[in-house]
Amino acid sequence: MTGVTEARAARPETEPGLVHQGLVYGSDDEFLAATVPFCLDGLDREDAVLAVTTDANIDLLRQALGDAAGRVEFVRAEEWYQAPGRTLGAYHRYVDRRTGTGRHRRVRVIGEPVWHGRDALETAEWTRYESVINIAFADCPAWIVCPYDTRTLPERVVADARRTHPQLVAGPAAHASDHYAAPNRAWERRLTPAPADGEEARMSFGTDLSKVRVFVAEAAAARGMAPAGVQRLVFAANEVATNAVQHGGGGGQVAVWRSGRRIVCDVTDPGRAAAPSWYLGYLPPDPRQERGHGLWAVRQLCDLVEIDARPDGTTVRLHLNLT
Amino acid sequence: MITRDSRERRIQDVDHGDHLCLTFADDAERRRVVTAYVRDGLERGERVLYFADQSAVPEVLGWLRAAGVRTAPALAGGQLLVTTAEDGYLAAGAFDPDAMVATLVKETRDSLAAGYTGLRVSGEMGWALRGVPGGERLGEYETKVNQVFADSPASAVCQYDARRFDAAQLDDFDRRHPRAVELEPLYSDGLLRLVPSFRSGRWTLRVTGTVDYRTVDALAAAMESALDWPGDVWVDMSELEFIDLAGVRVLAHVAERLPEGRRVHVANLAPLLCQVVGLVGWDEEPSLIVTPREVTA
Numbered sequence: 002m003t004g005v006t007e008a009r010a011a012r013p014e015t016e017p018g019l020v021h022q023g024l025v026y027g028s029d030d031e032f033l034a035a036t037v038p039f040c041l042d043g044l045d046r047e048d049a050v051l052a053v054t055t056d057a058n059i060d061l062l063r064q065a066l067g068d069a070a071g072r073v074e075f076v077r078a079e080e081w082y083q084a085p086g087r088t089l090g091a092y093h094r095y096v097d098r099r100t101g102t103g104r105h106r107r108v109r110v111i112g113e114p115v116w117h118g119r120d121a122l123e124t125a126e127w128t129r130y131e132s133v134i135n136i137a138f139a140d141c142p143a144w145i146v147c148p149y150d151t152r153t154l155p156e157r158v159v160a161d162a163r164r165t166h167p168q169l170v171a172g173p174a175a176h177a178s179d180h181y182a183a184p185n186r187a188w189e190r191r192l193t194p195a196p197a198d199g200e201e202a203r204m205s206f207g208t209d210l211s212k213v214r215v216f217v218a219e220a221a222a223a224r225g226m227a228p229a230g231v232q233r234l235v236f237a238a239n240e241v242a243t244n245a246v247q248h249g250g251g252g253g254q255v256a257v258w259r260s261g262r263r264i265v266c267d268v269t270d271p272g273r274a275a276a277p278s279w280y281l282g283y284l285p286p287d288p289r290q291e292r293g294h295g296l297w298a299v300r301q302l303c304d305l306v307e308i309d310a311r312p313d314g315t316t317v318r319l320h321l322n323l324t
Numbered sequence: 003m004i005t006r007d008s009r010e011r012r013i014q015d016v017d018h019g020d021h022l023c024l025t026f027a028d029d030a031e032r033r034r035v036v037t038a039y040v041r042d043g044l045e046r047g048e049r050v051l052y053f054a055d056q057s058a059v060p061e062v063l064g065w066l067r068a069a070g071v072r073t074a075p076a077l078a079g080g081q082l083l084v085t086t087a088e089d090g091y092l093a094a095g096a097f098d099p100d101a102m103v104a105t106l107v108k109e110t111r112d113s114l115a116a117g118y119t120g121l122r123v124s125g126e127m128g129w130a131l132r133g134v135p136g137g138e139r140l141g142e143y144e145t146k147v148n149q150v151f152a153d154s155p156a157s158a159v160c161q162y163d164a165r166r167f168d169a170a171q172l173d174d175f176d177r178r179h180p181r182a183v184e185l186e187p188l189y190s191d192g193l194l195r196l197v198p199s200f201r202s203g204r205w206t207l208r209v210t211g212t213v214d215y216r217t218v219d220a221l222a223a224a225m226e227s228a229l230d231w232p233g234d235v236w237v238d239m240s241e242l243e244f245i246d247l248a249g250v251r252v253l254a255h256v257a258e259r260l261p262e263g264r265r266v267h268v269a270n271l272a273p274l275l276c277q278v279v280g281l282v283g284w285d286e287e288p289s290l291i292v293t294p295r296e297v298t299a
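Just so you know, the protein sequences line up as chains A and B, in that order. Each residue of the first sequence is one higher than the one before, starting from 2 at the first, in my numbering. Each residue of the second sequence is one higher than the one before, starting from 3 at the first, in my numbering.
The hints are simulated quantities; they were obtained by calculation from the structure and are not laboratory data.
Per the computed footprint, the stretches of chain B lying under chain A, defined by three or more beta-carbons under 8 Å from a beta-carbon of chain A, are:
hint, region
1, 212–218
2, 236–247
3, 281–292
Take a look, some chain B residues computed to stay more than 10 Å from chain A by CB distance:
hint, residue
4, 20
5, 41
6, 67
7, 90
8, 109
9, 110
10, 134
11, 138
12, 173
13, 223
14, 229
The calculated label-pair distances, taken between Cβ atoms and stated as ranges, are:
hint, chain 1, residue 1, chain 2, residue 2, range
15, A, 204, B, 259, 38 to 48 Å
16, B, 168, A, 225, 50 to 60 Å
17, A, 163, B, 259, 47 to 57 Å
18, B, 61, A, 205, 52 to 62 Å
19, B, 234, A, 103, 24 to 34 Å
20, B, 291, A, 71, 31 to 41 Å
21, A, 250, B, 229, 32 to 42 Å
22, A, 98, B, 273, 21 to 31 Å
23, A, 223, B, 294, 25 to 35 Å
Built from N, CA and C at the ideal position, the CB exists for glycine as well.
Produce the entire structure from the sequences given, and follow the hints as far as they go.
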């Protein structure tokens, strides 16, 4: 158990901030060697313990933990990892609820993201999500271990795990990752190409955002989006356009098209003074705060959100799945 | 595009057949409604009967004159009669709904026979609280009188002072009227209307239209006014077309600032927006109660 102690030494007990570790494993035994002591030690210390992982790993963990499994919360990864913004929101609520009552001083999470079946855009955004965890939960009393299965994952996903996690777990031990890249400019990138199926609808807008709402609603519906999705997109696009009108160039352009199984909506603000960070809206808002809830809500309502800040303007790209 | 609620009617839109309840808690508001109602009636060639109770007769005439209504010729010619409830509803010494209904039928007929285009009646109903014999039959009367107005060239506005009747009484009388007088909007432009109303025994802010960055300050100001209403603050969103996050935040902030024991109820909010309240963590605010709009399939 020396490695676990090492990991804790990096974050003394008096500073219960975030510990975010990648667990790169290639066998069931390697998975259990790290996660079983992690859970048992957590339960001993009265930490809340949550395990979000594959069905197979849930079975393995339950068996290995025996009676203690009853005190661990298990969630299927497919249910938990649906959209980066929403998953982050779910983690925030989990941490707040478990530590808010004072019963648990800290939460421990096994969080195994879903990579199977993701396209290039989703893979890129879930990778950025893993990076953003480092700032979104920086001050949270959370210890998160993210398993990566080398038997099934593409090499590039595993390589990125070494870049997104400050520490890596090997067996029961943890060490600093040599490849770690902090969530700053290293994770900035241009918009992922989203080729249009059929015609793109485009309009310029000024101060009357009701025109934007009507335009987005009609364009999305005409491209096959159901009413519930249309409402989400309209709400999200209105928030981004409001930012452009109130804090940017006083207007901008909005474009809507269909790309595969998604509706894509670009809101471009040509005149933003200060370029926003790509991770804007990932950091949880304080409900009492006057501003800054907009992009948080946008990320919760959309399936994927890209922010591309350039000297000549900022584009916020909203992606909503059609089903 | 703002659509209007069918039950509430602006005083200037009152027409033959209407029997409206005016629940008010503000004398200026009552005076505005009564003045418009009487003036419009006189201008349309209708005969107007006014039964004062809490107000003195000269006071009512004073309001009318102050608003530019030429009362003297109307009074002299019999087109306008301002009297007291004692001499109207209670002239027999007790209140008898059937006798009063018969009186109204007769007054309508007489008005038409005298060449008027119809009849308008408005009464201050506070006398019912003084324990007059038959006063407990006021509700029965309000129901019966619906038939008098329904198919005749006549209308009525019954005035209930919310500072004197209790909420259960007000709710009961309100329900016996087919329509209610729409109170003066706290805000109204082409995008948004914010109208106070008395509904289901409580004061409610009805939000109609769109709240976005252009109208959010109006919503904030109206919510400030609503804080002066007694009890919980009710906000009816059934006629809301769109509200953005800043608008939802206004509701949450007002709720947060309410004194212990009072709450903000946001009713009939679109399901998506209920979800938004949760996304941003405002569902943790115990004094903000949000109920979703019934979705009609």
